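Student: Sequence:
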Amino acid sequence: MDITINQIMEDASTRWNCSVSEAKMRLKSSLWDVNMESELAITRTSNSAKQQQQQDMKDEEEEEKDNAWGNLTTSVELALPDNKWIEDGYECPICLLRQCVFRGIQLSCQHIICRSCLSDYLKNSILSSGNPFITCPAFKCNAPIEECVIHVLTDLSTFAKYRQNVKSVEVVS
1 MDITINQIME DASTRWNCSV SEAKMRLKSS LWDVNMESEL AITRTSNSAK QQQQQDMKDE
61 EEEEKDNAWG NLTTSVELAL PDNKWIEDGY ECPICLLRQC VFRGIQLSCQ HIICRSCLSD
121 YLKNSILSSG NPFITCPAFK CNAPIEECVI HVLTDLSTFA KYRQNVKSVE VVS
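Residues 1 to 173 (full-length UniProt numbering) are what the sequence shown spells out, left to right.
Note that these hints are calculated values from the structure, not bench results. Treat the numbers as computed from the prediction; the structure is a model and nothing was measured. Among these hints, one or two may not hold up.
[Stated by the list, open to error] Calculated lysine to any residue pairs in the SDA-like style (CA-CA distance at most 20 Å, straight line):
id, residue 1, residue 2
1, 123, 135
2, 123, 165
3, 123, 167
4, 123, 89
5, 167, 129
6, 123, 138
7, 140, 109
8, 161, 17
9, 50, 61
10, 123, 61
11, 58, 160
12, 58, 135
13, 167, 127
Please put together the full structure from these sequences, using the hints given.
Tutor: Quick look at the structure:
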């Protein structure tokens, strides 16, 4: 049985005894937690001109992430076998910890990775290899990870490096 994001949100709102919009905000805020440290570092900058420029960049990033969030929720739909799976969660194939279903990202290949592991994997892949073709970290899976997922789960500088890697490959081609 396929369940849509809206059905998941309705189920979450029932379980958390909150509105659907609050359940969506809880899920969305968990994705934003990944970027909190970098945002705090940006706001502590002492140079006012640099601070304003960084604030503008942060505002742009938030707007882009809002747009990317919409893409992510439509392209990363969860196909859940039953509602018990939502209660029990899943085991991340990277860290092997049992996770709440709302802390995982289901990739286009259907593997579900916890956001912490996926975020670390993306950052390491981008910064160490320079290869813009990032694939699912699950064992023997070569499915590409969508750009909207990379954008939502990486900080501004890492995503900029990713885009630079993509552009360098496009120029060579």
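Student: Indicate, hint by hint, whether the structure satisfies it.
Tutor: Status of the hints after comparison with the structure:
no.: 1; hint: 123 <-> 135; result: holds, 13 Å
no.: 2; hint: 123 <-> 165; result: holds, 13 Å
no.: 3; hint: 123 <-> 167; result: holds, 18 Å
no.: 4; hint: 123 <-> 89; result: violated, 25 Å
no.: 5; hint: 167 <-> 129; result: holds, 15 Å
no.: 6; hint: 123 <-> 138; result: holds, 16 Å
no.: 7; hint: 140 <-> 109; result: holds, 12 Å
no.: 8; hint: 161 <-> 17; result: violated, 41 Å
no.: 9; hint: 50 <-> 61; result: holds, 16 Å
no.: 10; hint: 123 <-> 61; result: holds, 17 Å
no.: 11; hint: 58 <-> 160; result: holds, 13 Å
no.: 12; hint: 58 <-> 135; result: violated, 27 Å
no.: 13; hint: 167 <-> 127; result: holds, 15 Å
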